[in-house]
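There are 2 protein chains.
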Amino acid sequence: MDSPHKRKKQPELVRRALLDQAARLAIGGGISSVTVQAVADAAGVTKGGFLHHFPHKQALIDALFQEVLDSFGDELDRLIAADADRFGCFTRAYITSVFAVEGPGRWSSQAALWMLMLTDATLRALWSDWFNSRLGQHHETDGAGHLAIVRLATDGLWLADLTNIEVPERDWLLEQLVAGTRQPLG
Amino acid sequence: MDSPHKRKKQPELVRRALLDQAARLAIGGGISSVTVQAVADAAGVTKGGFLHHFPHKQALIDALFQEVLDSFGDELDRLIAADADRFGCFTRAYITSVFAVEGPGRWSSQAALWMLMLTDATLRALWSDWFNSRLGQHHETDGAGHLAIVRLATDGLWLADLTNIEVPERDWLLEQLVAGTRQPLG
Chain A
1 MDSPHKRKKQ
11 PELVRRALLD
21 QAARLAIGGG
31 ISSVTVQAVA
41 DAAGVTKGGF
51 LHHFPHKQAL
61 IDALFQEVLD
71 SFGDELDRLI
81 AADADRFGCF
91 TRAYITSVFA
101 VEGPGRWSSQ
111 AALWMLMLTD
121 ATLRALWSDW
131 FNSRLGQHHE
141 TDGAGHLAIV
151 RLATDGLWLA
161 DLTNIEVPER
171 DWLLEQLVAG
181 TRQPLG
Chain B
1 MDSPHKRKKQ
11 PELVRRALLD
21 QAARLAIGGG
31 ISSVTVQAVA
41 DAAGVTKGGF
51 LHHFPHKQAL
61 IDALFQEVLD
71 SFGDELDRLI
81 AADADRFGCF
91 TRAYITSVFA
101 VEGPGRWSSQ
111 AALWMLMLTD
121 ATLRALWSDW
131 FNSRLGQHHE
141 TDGAGHLAIV
151 RLATDGLWLA
161 DLTNIEVPER
171 DWLLEQLVAG
181 TRQPLG
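These protein sequence lines are chains A and B, in that order.
Counting from 1, position 70 in the first sequence corresponds to residue 70 in full-length UniProt numbering; the numbering is continuous, with no gaps.
Counting from 1, position 32 in the second sequence corresponds to residue 32 in full-length UniProt numbering; the numbering is continuous, with no gaps.
Next comes chain A alone, as it looks inside the complex (with noise of 0.2 angstroms):
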């Protein structure tokens, strides 16, 4: 029978431990190596700790992507904040944050929920509501139509990354992109 001592365990980072866990998980194995069992077990509560915080696994990798938006959005705001140019500061940002390499194990994590997130639609909502809520924020500085066009090529570089599909001249069409954020001439 449990100690007063380990009860009193606070709920706060017991929550903190089952996402972290689940994080490290998904570096090692993806996303399906993230089950209920192993994520307790690495986080050292029983199962039915685990569902104390998370009613069912899809919960716990909701939480996990909402941190991983939350966390962009955060990045975002540290850019504009530091970027002297108003017009295009939301477009600016989101190609420096796509890109930004944060050391292998992050990105790792990040990188098989954003690939989960392609498939699964209740990330996708997650993702959805998340960025148009952001391109409604930024409407002001960034909702000229050819920083649309900027935004949507990011992307596409992004999913040319995750495809292995060649792109030559990467540093120069990353170049063009920035420059496109730019206000046009005239």
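Just so you know, not all the hints are guaranteed correct.
Partial selection, computed: residues in chain B whose CB lies under 7 angstroms from chain A [unchecked claim]:
no., residue
1, D129
2, N132
3, G145
4, I149
5, L152
6, G156
These aren't lab readings, by the way, just hints derived from the structure by calculation.
Positions of the beta carbon are idealized from the N, C-alpha and C atoms, including for glycine.
Given the coordinates of chain A, assemble chain B onto it according to the supplied hints.
Only chain B this time, still in chain A's reference frame:
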């Protein structure tokens, strides 16, 4: 015991029936509904009959996707042949083909396969081999750097449709992409 007439059922017809039934099941219930047993039943053969043509489910999925690529390639070739302008002809054909609506049934089965490609390493390899080969084939007419940006934006728009991201002034945007495939002035 089967009659000699049944035993002589042409292998090519059986293979065709297996592929067609798999596509039909994918339309209705996604890739997960494409099981060896379900496809065999729908095609009127035994599980052994299925395995004679495809050693496992993945081999059938690979064959289905290869057919999608072959058909995509035929469409590109038709559009390129009908295009009076050489410069950028592959990219223009690509834009048209990516957004061609061929009827809800065909689109749905292909959509299921394209989505699977995004998360299935074998299909991704089929896609990148095919596309990188086409890029090489059309290097003379479509090697210019800005055409890569147009193709990436096309892929980004495809992804936006898949993920329900809002794209305001979509018709204008598509016109810009096509206009971007013309030889730049000067």
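The hints, checked one at a time:
1. Evaluation of the D129 of chain B hint against chain A yields a violated restraint, the C-beta minimum of about 9 angstroms exceeding 7 angstroms.
2. At its closest, the beta carbon of N132 of chain B sits 5 angstroms from a beta carbon of chain A; the interface hint therefore holds under the 7 angstroms criterion.
3. A hinted interface residue such as G145 of chain B counts as satisfied when its beta carbon comes closer than 7 angstroms to some beta carbon of chain A; here the least separation is about 5 angstroms, so the hint holds.
4. Here the hint on I149 of chain B is kept, as its CB sits about 5 angstroms from the closest CB of chain A, short of 7 angstroms.
5. Hint on L152 of chain B holds. Least Cβ distance to chain A is approximately 3 angstroms, under the 7 angstroms limit.
6. A cut of 7 angstroms between beta carbons decides the hint on G156 of chain B: the least distance to chain A is about 3 angstroms, and the hint holds.
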